[in-house]
Amino acid sequence: EDQVTQSPEALRLQEGESSSLNCSYTVSGLRGLFWYRQDPGKGPEFLFTLYSAGEEKEKERLKATLTKKESFLHITAPKPEDSATYLCAVRKETSGSRLTFGEGTQLTVNP
Amino acid sequence: ETGVTQTPRHLVMGMTNKKSLKCEQHLGHNAMYWYKQSAKKPLELMFVYNFKEQTENNSVPSRFSPECPNSSHLFLHLHTLQPEDSALYLCASRYGTGELFFGEGSRLTVL
Numbered sequence: 004e005d006q007v008t009q010s011p012e013a014l015r016l017q018e019g020e021s022s023s024l025n026c027s028y029t030v031s032g033l034r035g036l037f038w039y040r041q042d043p044g045k046g047p048e049f050l051f052t053l054y055s056a057g058e059e060k061e062k063e064r065l066k067a068t069l070t071k072k073e074s075f076l077h078i079t080a081p082k083p084e085d086s087a088t089y090l091c092a093v094r095k096e097t098s099g100s101r102l103t104f105g106e107g108t109q110l111t112v113n114p
Numbered sequence: 104e105t106g107v108t109q110t111p112r113h114l115v116m117g118m119t120n121k122k123s124l125k126c127e128q129h130l131g132h133n134a135m136y137w138y139k140q141s142a143k144k145p146l147e148l149m150f151v152y153n154f155k156e157q158t159e160n161n162s163v164p165s166r167f168s169p170e171c172p173n174s175s176h177l178f179l180h181l182h183t184l185q186p187e188d189s190a191l192y193l194c195a196s197r198y199g200t201g202e203l204f205f206g207e208g209s210r211l212t213v214l
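Each protein sequence line maps, in turn, to chains A and B. At position 69 of the first sequence the residue is numbered 72 (this note's numbering), and the sequence of numbers has no breaks. At position 30 of the second sequence the residue is numbered 133 (this note's numbering), and the sequence of numbers has no breaks.
Isolated chain B (complex conformation) (with noise of 0.2 Å):
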């Protein structure tokens, strides 16, 4: 149990579903991270929250949508996603300039 909760675990969609991924800390950390990680591949950051202030956004493409409401919680929101978007989503937090901590990670499968 890292202090980072993912849900779900698993996920199949289809291109035209909406689905959301949720993230939740309990280390009282203020910084939250999404990370995509794909077969092979490094892991490649997507978005980074800081005190719920979207602080970088590595130009991802707009059918990812974040929301964070408060600095414990964290969602991906996910519409019309295309079949390379199947990986596992990572989920991570830090506090100040520690090491990040990751969630179990969200499996996602679009078909």
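So that you can see chain A by itself, here it is in the shape it has in the complex (with noise of 0.2 Å):
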């Protein structure tokens, strides 16, 4: 069965305090890793996307990469308004329009 995991549930930073968070995947024949940001009450905001190990992907302070078997979110001295829901999602070669979301990282950088 497909699974998207992604760790830790939650993850309090100090501003300024880098740290990455993970996505970890079991599918057969992945055709692309999204990442996504979502604040509160809003809908999910669409940051990257990876298509093969390897390939790595930065915008500002964020930085994703992916290997066979996950993708990291990397975040180099976050601010506040870092803060919010980091979603993970894959989709496979025999999904067709289906993508698979992960549970989400909450991300709280405190001042």
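Read the hints as simulated data drawn from the structure, not as lab findings. A quick note: this is a predicted structure, and the numbers were derived from the prediction, not measured. Be careful, since some hints might not be right.
Here are the computed distance ranges between Cβ atoms for each label pair [what the hints assert, rightly or not]:
hint : chain 1 : residue 1 : chain 2 : residue 2 : range
1    : B       : P164      : A       : P11       : 26 to 36 Å
2    : A       : E61       : B       : K143      : 26 to 36 Å
3    : B       : G201      : A       : E59       : 13 to 23 Å
4    : A       : F49       : B       : K143      : 33 to 43 Å
5    : B       : N161      : A       : E59       : 26 to 36 Å
6    : B       : P186      : A       : G19       : 40 to 50 Å
7    : A       : H77       : B       : K143      : 17 to 27 Å
8    : A       : F49       : B       : N161      : 15 to 25 Å
For glycine and all other residues, C-beta sits at the position ideal for the given N, C-alpha and C.
Quick one: dock chain against chain with the hints and give me the complex.
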């Protein structure tokens, strides 16, 4: 069975304290791994798509990486405005339009 | 502003009511989705439409009835819902095999 597992469930950081969020997946024939950010009461906002192991993408303080079994979202010198829930999702070869989401990591950055 | 607009943002209904959620996308995308988001659970795919045709129904109870009159509009008709149907209902759109763009969601409470 396809699974997407995110860890930790919740993470508290001090402003400037770098860390990483993990998304591990057990799907065959990965056709894309997606990272989203979701603020309370709002819809998910697209951040990155990664397609193959070794790929990396960056946006401001965020950097996403991908291996054959997991993806990391590295947050460098976070600010309070980075506080949000970060969602990971995967699409596989045979799933057509379907994305399978993880439960998310709730990140809080204290000033 | 993501280009995907959902109305209403909040809805309270009794179990015997009939109501509808509306989604409109201004991005020229060809696929539209309904997702359900409940507390502490991953996003759950409900329906997918490609070029107005339903391509996925994720075993959703018939008290949820989708309608897609054209590629820009998507509705979710609700009738005789249960309290456990209370959740955030998210609409998303996509072009080709790209990422999903989500609306802000409609927060539904069933009394």
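Quiz item: Should the hint that A:F49 and B:N161 are 15 to 25 Å apart at their CB atoms be regarded as holding?
Solution: The hint (15 to 25 Å, Cβ to Cβ) holds, given that A:F49 and B:N161 are roughly 22 Å apart.
Quiz item: Is it true that the C-beta distance of B:N161 to A:E59 lies inside 26 to 36 Å, as the hint says?
Solution: 32 Å, holds
Quiz item: Are B:G201 and A:E59 spaced within 13 to 23 Å by their CB atoms?
Solution: For B:G201 and A:E59 the Cβ distance comes to about 19 Å; the hint holds.
Quiz item: Do the beta carbons of A:E61 and B:K143 sit within 26 to 36 Å of each other?
Solution: Given range 26 to 36 Å: holds, Cβ gap about 30 Å.
Quiz item: So the hint says 40 to 50 Å: do the beta-carbon atoms of B:P186 and A:G19 match that?
Solution: 44 Å, holds
Quiz item: At the C-beta level, are A:H77 and B:K143 separated by a distance inside 17 to 27 Å?
Solution: 25 Å, holds
Practice problem: Using the beta carbons of A:F49 and B:K143, state whether their distance is inside 33 to 43 Å or not. | Solution: 23 Å, violated
Practice problem: Confirm or reject the claim that B:P164 and A:P11 have a C-beta distance inside 26 to 36 Å. | Solution: 33 Å, holds
Against the hints set out earlier in the document, a violation occurs for number 4 only.
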